[in-house]
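In order, the protein sequences belong to chains A and B.
Each number in our numbering corresponds to the 1-based position in the first sequence with 1087 added.
Each number in our numbering corresponds to the 1-based position in the second sequence with 125 added.
All the given hints hold, so there is nothing to weed out.
Capping the alpha-carbon separation at 30 Å, the derived lysine-lysine pairs in DSBU-like fashion look like this:
no., chain 1, residue 1, chain 2, residue 2
1, A, Lys-1478, B, Lys-200
2, A, Lys-1478, B, Lys-301
3, A, Lys-1218, A, Lys-1417
Here are some, though not all, of the chain A residues that point toward chain B, as calculated from beta-carbon distances under 10 Å:
no., residue
4, Arg-1119
5, Leu-1285
6, Val-1287
7, Ser-1296
8, Arg-1303
9, Gln-1319
10, Gln-1323
11, Glu-1324
12, Ala-1326
13, Ala-1350
14, Gly-1387
Think of the hints as simulated: they come from the structure by calculation, not from any bench.
Note that the Cβ used here is the ideal one computed from N, Cα and C, for glycine as well.
Below, each chain spelled out in residue letters.
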Amino acid sequence: MKMMKLAALALAGAVASGPAVAELVIPDLSYRTGPYAAGGIPFSDGYQDYFALLNARDGGIGGVPVRVVECETGYNTEKGVECYESTKGEGALVYQPLSTGITYQLIPKAMTDGIPLHTMGYGRTSAANGKVFEWVFNYPANYWNAASVAVNYLLDENGGDLSGKKLALVYHNSAYGKEPIRTLEELAKKHGYELSLLAVDHPGQEQKSQWLQIRRERPDYVIMWGWGVMNQVAIQEAANINFPMENFIGTWWSGAEHDVTPAGMAANGYKALNMNRINPDMPVFDEIRTHVHEAGNAAGDGSNVGSVLYTRGMYAAMLAAEAIRIAQEKHGVADITPAMMRDGMEALAMTDARMAELGAPGIGPEFSVSCENHGGSGMGIVQQWNAADGKWVALTDYIMSDASVIDPLIEEDSMAFAAEAGVEMRCN
Amino acid sequence: MPTEILYGVEVALNGLMAGVLYALVALGFVLIFKASGIFNYSQGVMALFAALTLVGIMEGQVPFAHLINAIFGTKIHHFGWEVPALLAIALTTIVMVVFAWLVQRFIFRHLVGQEPIILFMATIGLAYFLEGVGDLMWGSDIKTLDVGLPQGASFWIEENTAFLGGEDFYGFFIDKLDVVAAVVAAVLVAGLVIFSQYTKQGRAMRAVADDHQAALSVGISLSFIWVLVWSLAGFVALVAGIMWGAKSGVQFSLSLIALKALPVLMLGGFTSIPGAIVGGLIIGVGEKLFEFLIGPMVGGATENWFAYVLALIFLVFRPQGLFGEKIIERV
Chain A
1088 MKMMKLAALA
1098 LAGAVASGPA
1108 VAELVIPDLS
1118 YRTGPYAAGG
1128 IPFSDGYQDY
1138 FALLNARDGG
1148 IGGVPVRVVE
1158 CETGYNTEKG
1168 VECYESTKGE
1178 GALVYQPLST
1188 GITYQLIPKA
1198 MTDGIPLHTM
1208 GYGRTSAANG
1218 KVFEWVFNYP
1228 ANYWNAASVA
1238 VNYLLDENGG
1248 DLSGKKLALV
1258 YHNSAYGKEP
1268 IRTLEELAKK
1278 HGYELSLLAV
1288 DHPGQEQKSQ
1298 WLQIRRERPD
1308 YVIMWGWGVM
1318 NQVAIQEAAN
1328 INFPMENFIG
1338 TWWSGAEHDV
1348 TPAGMAANGY
1358 KALNMNRINP
1368 DMPVFDEIRT
1378 HVHEAGNAAG
1388 DGSNVGSVLY
1398 TRGMYAAMLA
1408 AEAIRIAQEK
1418 HGVADITPAM
1428 MRDGMEALAM
1438 TDARMAELGA
1448 PGIGPEFSVS
1458 CENHGGSGMG
1468 IVQQWNAADG
1478 KWVALTDYIM
1488 SDASVIDPLI
1498 EEDSMAFAAE
1508 AGVEMRCN
Chain B
126 MPTEILYGVE
136 VALNGLMAGV
146 LYALVALGFV
156 LIFKASGIFN
166 YSQGVMALFA
176 ALTLVGIMEG
186 QVPFAHLINA
196 IFGTKIHHFG
206 WEVPALLAIA
216 LTTIVMVVFA
226 WLVQRFIFRH
236 LVGQEPIILF
246 MATIGLAYFL
256 EGVGDLMWGS
266 DIKTLDVGLP
276 QGASFWIEEN
286 TAFLGGEDFY
296 GFFIDKLDVV
306 AAVVAAVLVA
316 GLVIFSQYTK
326 QGRAMRAVAD
336 DHQAALSVGI
346 SLSFIWVLVW
356 SLAGFVALVA
366 GIMWGAKSGV
376 QFSLSLIALK
386 ALPVLMLGGF
396 TSIPGAIVGG
406 LIIGVGEKLF
416 EFLIGPMVGG
426 ATENWFAYVL
436 ALIFLVFRPQ
446 GLFGEKIIER
456 V
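Let the sequences and hints guide you as you build the complete structure.
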């Protein structure tokens, strides 16, 4: 009798709970508070709104809804690791840490847990070597590509010759800010320009010394590797010393609208790299407005749509969604695991036709990922701020980076990591 | 004159100007510490909050709009009007006075007689609370602050000093905003000194600073004085927020300017208004000259740590700071 009761209870429980509902879990390690919130908010809004669009319009991906789990990091490495630990158990498919510091902490964890990281245009540059970094991807381009794209652009501006020119790098005095130094030094040897390095301490509110030095030394070009308040102050200081804005180029984390607007008209002509194109008229934005914002499901207040960092966040979500779709097709399973997600990321191929189909024609360069190459095409564009119209204007098409310089650096750094971490080579 | 020396002078001049900006932040700390013995950790956040409120009022932004929209499903953001800068500054000052009253009424009135460390902890809590309220009230986006202050190089100074050097000397660079900040700081200090020396409230404030118990015994209201002092510190925070916000836009990293004030306080003393100014100038000139002379040899970015080293050196020889009151404890 007792057994009968237990069996009945178990049956009732099973009926009540029903089958487990399949879902694709995507953590969003965002930062909506603190000193870097102005950059974190639009990226996160774009990232979340795209998945919300897929849920509302298509019922998810391959019929499985996406559940975005947002966790506030405050751009703080410790909090970022906490977010990872607290969300990985929910079946997280891929992490977008949105911080180089957090990325460095998560790489060994992701390798152990078997969960992919997508560090889009940031993080550990040598993770582009898929033979060493099985679980880390940094397509479509990395920091070293960015440095090389900037130099290639300047070469183009100077008829292919930079010899005798003076370049100054104003950089955030952190692991992130120091990333391009080696590449720029190698490129200096190759192209004969003179490189001077000017470090700015966190947060970068006070940069008078650096800009007085620039005023004294009169470099031909200034390249900036900044983030947060450092960008706004640098642009204002450059304007104060009358440095020609068209000779001032920021990396892609120094080229959002909020970086230039505080300086007003003085920021006119400032240039920045971008790993993707911005075009507020892309059909995908209309779809987001219709299916997500008008339905009251926007991640933010809806004011960021089409901005530089909103577009980048949405592009990151688009790349993740495409990898999920490919993983589903590859494995014949809709409810995929993190390992299948990794396979999908490794088989990702973004073509112009596919981007147009997704409502985002030309949003990124065409690229494909492979077992060996987790870094994508390594291309970037140069855009320029038009202060009168209050918008960024693309000056170039996608520019190639110098693989002959970057690839050996990636090989060297990734092999050092492999030796240190005891990683076995793959893709044989 | 050799160009290097001229550029050294330029760096020193700019260090003096930067020092004035550091001193503006340090002043708020000194006012509160002097009157109540509280080291106000939230002074930097007060500067941020004041600047956010100023921009919000100027732009006619609806406070707590995100919260209101989230609860009621509305889409309100702005009232549709703009407020002139001077009126907005006056209104923000009133907000800071109300804030001072709230701080006194709901926090420090309940902590009278507590250990200084408890009061310090309370200000840490206040800092994070205020940062959160600022975020909720005005949003996290970077705001452009334009109260009509001039910015950029003074061409007049540049052109009229270029003759001092050769072809590779371009004249002294002085930012017009820094000159304005120096004038404002001078007026502020003069005003504070006149207020504390020649007004009834000022004398009461000094009496409280000297001895709480004695001040109470002659009928001075401790609550009123604390509200007054926090209001003054709020106004100083507003001035600092305007000067720093004009350089970088008003954003949450503005609260970190407090880090620049700490070495100034260590050097100038926690209880001296002239100490804050002189400390600021020494730190400003010291860190800029060190960066100019030694920075290139050690990879640069020396200013943050060198300011603290400089303050520590002073601390070893004068623990009370240059102008602080000498600590004498009789047993």
